[in-house]
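Novice: Sequence:
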Amino acid sequence: MYRSKFTLIEFLIVSIVTMAAPAAVPGAEFGITAEAPGAAFTSREKPEFRLAVPEDFSGEWQLRDWDGALLKTGTATDPELVLAPLECGYYVLTVTGQNGQKSERSFAVVRDPADRNPGGPQPFALDAAVSWLGRPDPKNPFFKGEGFDTIIELARRAGCPLVRERLSWGETNPEPGVYRWKQYGSNAQKLAEKSVGISGMFHDSPKWTRTHSPKLPDDLAALHDYARTLSSTFKGRITDWEFWNEQDIGFAPEPAWDYAAALKAAALGFKAGDPDVPVLLGGIAFTPLANCNAVAMLNDAAAYIDIFNVHCYRPLTDFSDAVTNIRALMNRAGIAGMPLWITELGCLSEGSGRASSGVPGTKAHTPDQELLVAEYLVKSQLMLQALGVEKSFFFVLAPYNEIGGAKDWGLMRRDYTVKPGYAAYANLTDRLGAATFEGRYETGVPQVDALLYRMPDSTQTLVFWSRSEFETQGTVPGITTQNRFARVFTQKRIPPGARLFDLTGMERPLKRETTGGIQLTATRFPAYLTGLSGLKAKAVSPAVRPVRVDVSDMDRTIVAKATMLDGFSIARTKDSIDWEGDSGGMRIELYNFSDTKKRGRLRISGGRVEGVPAEVTIPARGRTEFTLRFQPEVDQKSFAGQFELNGEFGGRRISRLHIPVLARHLMASGMTSVPFKNLMDPSNWRASSSGKLNISYDKQEQAVKFDVKFRPQTDRWIYPEYILQLPQESLKDAAGIAFEVKAEPAGAIKQMLAMFVNDLSNDRGKAVWLQVNPPDAKWQERVVSFHPEIPKPDKIRMLRIGFNLGKDHVTYYLRNFRILYNR
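Residues 18 to 840, numbered by the working numbering, are exactly what the sequence shown covers, in order.
Be aware that one or more of the hints could be misleading.
Each computed DSS-like pair below joins lysine-lysine, with the alpha-carbon atoms no more than 30 Å apart [claimed, not checked]: (1) K824 / K795; (2) K709 / K783; (3) K812 / K694; (4) K783 / K694.
Everything labelled a hint here was simulated from the structure, so no lab data went into it. Every value quoted in this text rests on a predicted model; they were computed, and no experiment measured them.
Build out the structure end to end from the sequences listed, making use of the hints.
Specialist: Have a look at this one:
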């Protein structure tokens with residue numbers, strides 16, 4: 018749960034190429050190979066299968082739908098089995114030999130791309146790191162060789178309009194002036210030939226571009242040149258560019274103002290190579306949005322992007338709050354109408370894999386878990402569209418595991434055959450990809466949701482479902498699909514040509530009443546009623562007009578970057594610098610990404626400054642730098658201030674370099690401190706960890722002791738919970754908390770978080786997560802400021818203070834808890 022974020026993946030295929038054949042499924046008595054990439058046939062193909070049996074084999078076969086209903090039977094007398102054409106849907110073929118041996122093969126039938134409508138908004142996309150995860154995997158015994166072509170073809174067959182594709186700067190530009198496009202170039206060409214759009218991105222930098230930063234490039238000129246080369250080289254094949262990935266967490270340990278400066282350089286480079294290509298903000302990992310994202314906007318990052326971009330791995334219950342939270346920041350940044358994309362949308366609600374994958378160290382979904390993901394996929398993409406999200410990219414198509422191998426991602430299994438979620442996605446794009454969303458529709462049954470769409474032929478489609486645990490409880494341990502939550506509602510005045518299709522695209526019978534209406538049974542799995550007319554949406558989705566920040570008076574080609582020299586340290590939250598007292602040193606770099614020499618004056622506010630030149634000249638496509646001394650002026654209540662650099666060149670303003678300042682060294686002594694005595698009683702703490710946690714009181718250290726041990730291949734986290742004893746421990750009007758901490762062994766901590774939770778749910782609940790500097794084996798004080806991350810501390814009901822860890826046995830201690838108030 019409290020894990021570091023993941024990479025990504027996804028898969029697809031090609032018709033006129035040679036592809037690696039999947040091996041037998043683990044546990045099968047003989048192999049059944051579907052003669053289609055990924056076992057995904059199109060509606061124009063006959064389902065053909067090859068049985069790994071002797072020539073004199075004799076047996077019987079049964080065909081069932083995804084829900085277990087028997088559809089057809091027949092005899093199998095040789096290794097080749099050809100079925101009559103099937104309608105779209107998801108099926109299971111079972112073959113039983115004369116000696117009782119048995120094997121199964123699930124497969125999909127999807128609408129042939131030639132029969133689809135390619136127009137319309139096409140809001141449903143896939144995250145598909147083809148060039149990364151299509152590489153040969155020597156650990157996978159079920160699929161040998163490269164998977165690139167399989168991935169690409171499966172995307173095409175699913176009607177995927179746009180895939181998210183990653184490339185590596187370090188791989189493709191290993192030294193200045195040297196470019197090697199490798200599989201990234203060939204795969205982009207193949208995707209273009211298949212009419213699959215590409216949303217491109219990278220989130221690494223070669224060592225030659227870095228002097229002191231761990232991830233982001235320090236050389237912004239090199240970044241600009243690479244982005245320009247990328248967009249010009251891939252023009253016409255990659256339709257938009259995203260800069261970086263999850264910069265709010267570990268993919269970019271650097272502060273928000275460094276990310277903003279790099280984003281500006283990259284965006285200018287992308288536009289230099291392809292002036293019309295849209296630029297996306299790097300996908301933000303977590304909601305509620307951390308303050309570092311707001312700081313990036315205070316650095317005028319919004320003036321350089323066309324599309325706002327966030328990732329979502331939340332339960333469906335959190336979607337409305339998450340989008341509201343995102344929109345709030347967009348509104349403050351002046352981009353309320355900017356398109357919002359979710360470029361990673363993933364399901365955690367089905368839990369860790371409960372079956373063996375056949376690959377050592379990894380788990381797989383059970384068939385029931387596969388159906389849970391299919392349910393989540395369709396509901397999540399529809400719900401986000403109803404909330405005004407322009408595009409969402411489901412994570413992820415190809416087989417992929419995380420969390421010590423326990424978490425099974427992907428719409429494909431390790432043998433590269435597709436799961437039911439793939440068929441559900443292909444059906445979604447077929448039914449609604451070209452449709453216009455009209456709004457929510459009232460079914461008359463409170464627990465049955467429905468959305469109304471206008472089709473290109475002017476008919477209407479109603480997609481409906483019954484709320485399950487996903488909508489009512491969020492994440493439920495051990496969840497299954499056993500309860501279908503069947504609920505009946507009646508739809509009046511249905512045209513004679515109306516038809517009903519299930520989750521995977523199979524047509525289902527309609528029960529017409531004598532009045533001309535239809536009685537419909539909604540279940541947890543969304544269904545589609547097509548061929549309608551005259552329906553009115555009860556809650557129409559508001560139109561979102563694209564908008565850009567007004568930059569008519571801004572010279573965006575000048576970008577400022579700051580490096581701390583002394584007197585300041587960067588907060589782990591990446592949203593401020595800690596002022597250590599007296600003045601501090603900074604090096605300021607100014608880049609000019611235009612073809613014209615620029616001359617102008619700078620303005621710096623927020624404190625006393627020395628060393629700023631009266632006038633600055635920056636050569637064309639060049640840079641200049643200087644060092645300065647800065648002593649902040651901080652508010653005597655919040656102990657917060659800011660450093661802000663702007664200026665005017667040629668009568669036009671430049672984008673801001675904005676750095677919040679916090680005087681943490683003054684907070685503990687300059688604020689009223691109230692002891693948090695009950696936290697010193699170990700019985701008041703509730704265990705919350707992926708390992709075996711023991712909580713006790715250590716008399717020698719006069720501290721609460723947390724000792725945790727983990728099993729091998731475990732995602733190691735420990736976040737014990739303290740429930741506030743209200744009202745006496747209310748954090749109303751509090752400015753922060755302070756405590757002392759130490760941990761053993763040294764180097765075991767990946768990250769430390771203080772979590773402030775609004776409810777009492779064990780291991781979950783709505784919370785604000787704040788980064789804290791990890792301790793070592795000596796006692797150290799930590800001050801966690803609520804400003805501006807927690808605007809309403811009186812709503813906090815529980816605290817979690819703990820770690821993500823890199824070792825199997827860790828002990829840490831906490832003591833001297835205090836609540837801090839402004840004087």
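Novice: All hints are to be evaluated individually against the structure, with a verdict given for each.
Specialist: Hint check:
1. K824 / K795: Measuring from Cα to Cα gives roughly 19 Å; hence the hint holds.
2. K709 / K783: Holds, at about 24 Å.
3. K812 / K694: At roughly 21 Å apart (the allowed maximum being 30 Å), K694 and K812 satisfy the hint.
4. K783 / K694: Roughly 25 Å between the alpha carbons, so the hint for K783 and K694 holds.
No hint from the list above goes unmet by this structure.
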